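J.: Chains Z and E, in that order, give the protein sequences.
Letter by letter, the first sequence follows residues -19 to 578 in this note's numbering.
Letter by letter, the second sequence follows residues 621 to 792 in this note's numbering.
I should point out that these hints are in silico values taken from the structure, not numbers from a laboratory.
A couple of the hints might just be wrong.
Claimed, not checked - Label pairs and their in silico Cβ distance ranges: (1) G781(E) to D573(Z): 19 to 27 Å; (2) R(-17)(Z) to G635(E): 39 to 47 Å; (3) G781(E) to T522(Z): 50 to 58 Å; (4) G14(Z) to E648(E): 38 to 46 Å; (5) A656(E) to T522(Z): 39 to 47 Å; (6) T775(E) to K371(Z): 18 to 26 Å; (7) Q497(Z) to G692(E): 51 to 59 Å; (8) G781(E) to S251(Z): 33 to 41 Å; (9) D744(E) to D556(Z): 31 to 39 Å; (10) K371(Z) to K650(E): 53 to 61 Å.
Claimed, not checked - Partial list, derived from the structure: chain E residues whose beta carbon lies under 10 Å from chain Z: (11) Q639; (12) I660; (13) Q665; (14) G669; (15) F696; (16) T716; (17) E732; (18) L734; (19) D768; (20) L783; (21) Y786.
What the hints assert, rightly or not - Think about it this way: if two alpha-carbon atoms lie no more than 27 Å apart in a straight line, the pair counts; the simulated DSS-like pairs of lysine-lysine are: (22) K49(Z) to K689(E); (23) K650(E) to K511(Z); (24) K63(Z) to K93(Z); (25) K562(Z) to K729(E); (26) K92(Z) to K328(Z); (27) K677(E) to K577(Z); (28) K689(E) to K438(Z); (29) K92(Z) to K7(Z); (30) K278(Z) to K707(E); (31) K458(Z) to K654(E); (32) K729(E) to K458(Z); (33) K535(Z) to K729(E); (34) K650(E) to K278(Z); (35) K371(Z) to K510(Z); (36) K63(Z) to K16(Z); (37) K689(E) to K515(Z); (38) K650(E) to K729(E); (39) K654(E) to K278(Z); (40) K785(E) to K229(Z).
Since the structure is predicted, the reported quantities are computational estimates derived from the model, not experimental observations.
Just so you know, even glycine gets a beta-carbon here, dropped at the ideal spot from N, CA and C.
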Amino acid sequence: MFRAHVLVCGGTGCVSSGSAKLIDLFKEEIEKQGLKDEVAVVQTGCHGLCAMGPIVVVYPDATFYAMVKEENVSEIVEEHLLKGRVVSHLVYKEESDAGENVKSLNDTDFYKKQTRVALRNCGVINPENIDEYIGMRGYEALGKVLTEMQPEDVIDTILKSGLRGRGGAGFPTGQKWKLARELVQDGGQKYVCCNADEGDPGAFMDRSVLEGDPHVVLEAMAIAGYAIGASQGYIYVRAEYPIAVERLKIAIGQAKEYGLLGENIFESGFSFDIDLRLGAGAFVCGEETALMTSIEGKRGEPRPRPPFPAVSGLYQRPTILNNVETWANIPQIILNGADWFASMGTEKSKGTKVFALGGKINNTGLVEIPMGTTLREVVEDIGGGVPNGKKFKAAQTGGPSGGCIPAEHFDVPIDYDNLTAIGSMMGSGGLIVMDEDNCMVDIAKFFLEFTVDESCGKCVPCRIGTKRMYEILDRITKGQGTLKDLDRLQELAAHIKDNALCGLGQTAPNPILSTLQYFHDEYVAHVVDKKCPAKVCRGLLTYTIIPEKCRGCTKCARNCPVRCISGTVKEVHTIDQEQCIKCGACMANCPFDAIVKE
Amino acid sequence: MSAAIPAPAQLPFQGTAEQEQQLRALIEEKRDDKGALMPILQGAQEIYGYLPVEVQKIIAEEMDVPLEKVYGVSTFYSQFSLTPKGKHQISVCLGTACYVKGSGLVLDKLKERLEIDSGECTPDREFSLDACRCVGACGLAPVMTIGDDVYGRLTVDQVDGILEKYKQQPHA
Ligand SMILES: Cc1cc2nc3c(=O)[nH]c(=O)nc-3n(C[C@H](O)[C@H](O)[C@H](O)COP(=O)(O)O)c2cc1C
Ligand code: FES
């Protein structure tokens, strides 16, 4: 047994900040100090607080070191591990902390309000070692299901728990399984699929589960296989997630070796296998019918439903598809019971939800909160508020299918139905905070550009409609819009919502509709006053030189790419507004703050 | 979809016999798998770095499917590239978290410095530039990757310095 464990985060965020090198250094240093038999170094999955990476946690006391650099390693080993003194200057401190106060992981504001169910093992176990998962009661739920429960009991438990799909739409998971079990009973093959395509740009909860706790997905898929009568599973994972793919491969190999996947699991007569399929960068492939077509090796275009996948899915056989986070809840529900799960959350949304908190917020990272937590608690208490004294403007949830929530709805309890009611949606869990420097018209345009790009082209409302909406937004941001354009946007949006073939098109207007609703003034400023209040839209900006401040250093003129600034040395310079391309190079280079943009 | 139709013979195909051998072996291995086309295209892109028409033709012939189908799948997914990539592949994240923190400005700067648009490759095949959607390191936004290196908390000012590092070193 080891007396201490050094957990080094191996999630994508921390690896990007250089954590892989730290692991080697810790091992070296620990060996040098003769602690090899006392202290273990473990690479874990994501701890959530990615902005503070690389993160190192030392157990048993859960001391939380943040932004650890290579040159800090010897100090931590010598002071903390050898002499037992916490290296307080490297310990993570919160904004609110007055100085020396050394906190362990769970006492920080960032973690205190969280409840970890889906992320339970992330950052705690070594994802490449099946024994550590088993040590956390891993595969116990599968054992229980196979040896003590009938398939119907499993489905009943999931139904009663109230679990709804975490991939966006919030369909009751138990219901989906029940249909797939009952509608077709011809004894033929059925399939269990995992949606790990994580298309919402700016969201990485699924990635963190796959990287930090891959076995939980495998276990849950096997449980579902037993429940619906399937012996084959597929995980459809984005190729952009190489670490996740690697860990899944390792996990599948280990599970097969242990007999937890494959033939006759737990001597129960039940067999289940899982294969990986890599996505290739098409957002629409996150949609269920498109995903299945893509697994078949074709262009991943969606098709009309019905027939629903529960009747005719992959290879025209009954198929269920669930999101990674949905899967991550399953074994816990089996072990702790439906009532335990249903005790968390709101009336119609049970359990917890993981959000990827990003954008203009102090604590960017992953947070898991009980349903019903307010946006205010997430942004202010857990997220630590907006940095640099800027003002909160909106939180965007639901990615390209969602909307922007303004400060007036700060106290709405987060659940599926509430978010839909205020014009956004839960989505898969991206939560991007925007401050006064973000232009809401520009943000709407950003999302529309995304949908235009990702529209598969099969149906006209989506292919052409989103393009027209984008063009209108583009005009508005260039100062060429009119009030009539705002009506046109509303009209087009309603039409596309009703007529598009799949969820991509049906939800594409949401970013426009929600910003039109809550930030109408900002649109009006663009089309009537020809101003961008957030000073983002280039076409609406003017750069001018304040004569009183200009010293005639010529730096602006030399940096202007179109040479539209005139003036001689030690004389006041002027910008030719006709020629100016509003690149901002002059302002960035002026040593005297003599240039303003309006 | 986002994969662009290749500009006609902009940069000539330079495949080797060895690469072709690898490709044929790959097809042999996967040919009978269900839904084999995608994994084969992914493998082929690993071998050649991209999927020129010459390679698509081999795949179509070997698998006995029409070239249109191979082309249809290759152009549907943005991960497949029909144009060659540079020795150093630059990818700027335009995911939401990065965008609100100004990654668009970083991309503009790179376009200006490399004198290419996104989706293109410099004539000396040193650098190629792409915009991507979320690499999953949103905590470090704005983010770009060059080969396997990840650069987070980027500012426009750092662009020149970073490019300089790659100009000096012969391989990524
Ligand atoms: C355009 C589009 C993209 C989607 N992308 C994803 C995705 O990336 N991940 C995901 O889990 N679900 C995504 N979904 C939802 C899936 O279609 C499906 O509802 C979900 O995977 C079902 O799993 P769940 O019930 O566990 O949520 C997407 C839907 C649409 C319409
Ligand atoms: S949005 Fe850029 S890494 Fe996620």
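J.: If a hint holds in the structure, say so; if it doesn't, say that too.
T.: Do the hints match the structure? See the list:
1. G781(E) to D573(Z): 19 to 27 Å: 24 Å, holds
2. R(-17)(Z) to G635(E): 39 to 47 Å: 57 Å, violated
3. G781(E) to T522(Z): 50 to 58 Å: 31 Å, violated
4. G14(Z) to E648(E): 38 to 46 Å: 53 Å, violated
5. A656(E) to T522(Z): 39 to 47 Å: Violated: the Cβ-Cβ distance is about 58 Å, outside 39 to 47 Å.
6. T775(E) to K371(Z): 18 to 26 Å: Given about 22 Å between the Cβ atoms, the range holds.
7. Q497(Z) to G692(E): 51 to 59 Å: Violated: the Cβ-Cβ distance is about 39 Å, outside 51 to 59 Å.
8. G781(E) to S251(Z): 33 to 41 Å: Given about 56 Å between the Cβ atoms, the range is violated.
9. D744(E) to D556(Z): 31 to 39 Å: 36 Å Cβ-Cβ, so the 31 to 39 Å window holds.
10. K371(Z) to K650(E): 53 to 61 Å: With a Cβ separation near 55 Å, K371(Z) and K650(E) satisfy 53 to 61 Å, so the hint holds.
11. Q639: With a minimum Cβ separation of about 20 Å from chain Z (threshold 10 Å), the hint on Q639(E) is violated.
12. I660: At about 9 Å, which falls below the 10 Å cut-off, the nearest Cβ of chain Z leaves the hint on I660(E) intact, so it holds.
13. Q665: It holds, given that the least Cβ distance between Q665(E) and chain Z is near 9 Å, below 10 Å.
14. G669: 15 Å, violated
15. F696: With a closest approach of 4 Å, the F696(E) hint holds.
16. T716: Cβ of T716(E) sits 3 Å from chain Z, so the hint holds.
17. E732: 8 Å, holds
18. L734: With Cβ-Cβ at 15 Å, over 10 Å, it is violated.
19. D768: 9 Å, holds
20. L783: Interface hint status for L783(E): violated (17 Å vs cutoff 10 Å).
21. Y786: 17 Å, violated
22. K49(Z) to K689(E): The given pair, whose Cα atoms are some 50 Å apart, is violated under the 27 Å limit.
23. K650(E) to K511(Z): Since the Cα atoms of K650(E) and K511(Z) sit roughly 58 Å apart, the hinted pair is violated (cutoff 27 Å).
24. K63(Z) to K93(Z): Given pair K63(Z), K93(Z) is violated - Cα atoms ~33 Å apart, limit 27 Å.
25. K562(Z) to K729(E): 14 Å, holds
26. K92(Z) to K328(Z): 25 Å, holds
27. K677(E) to K577(Z): Distance ~54 Å between K677(E) and K577(Z) Cα, so the pair is violated.
28. K689(E) to K438(Z): 16 Å, holds
29. K92(Z) to K7(Z): 31 Å, violated
30. K278(Z) to K707(E): 30 Å, violated
31. K458(Z) to K654(E): 50 Å, violated
32. K729(E) to K458(Z): Given pair K729(E), K458(Z) holds - Cα atoms ~21 Å apart, limit 27 Å.
33. K535(Z) to K729(E): Holds, at roughly 19 Å.
34. K650(E) to K278(Z): 16 Å, holds
35. K371(Z) to K510(Z): 23 Å, holds
36. K63(Z) to K16(Z): Cα-Cα ~15 Å, so holds.
37. K689(E) to K515(Z): 47 Å, violated
38. K650(E) to K729(E): 42 Å, violated
39. K654(E) to K278(Z): Given pair K654(E), K278(Z) holds - Cα atoms ~11 Å apart, limit 27 Å.
40. K785(E) to K229(Z): 34 Å, violated
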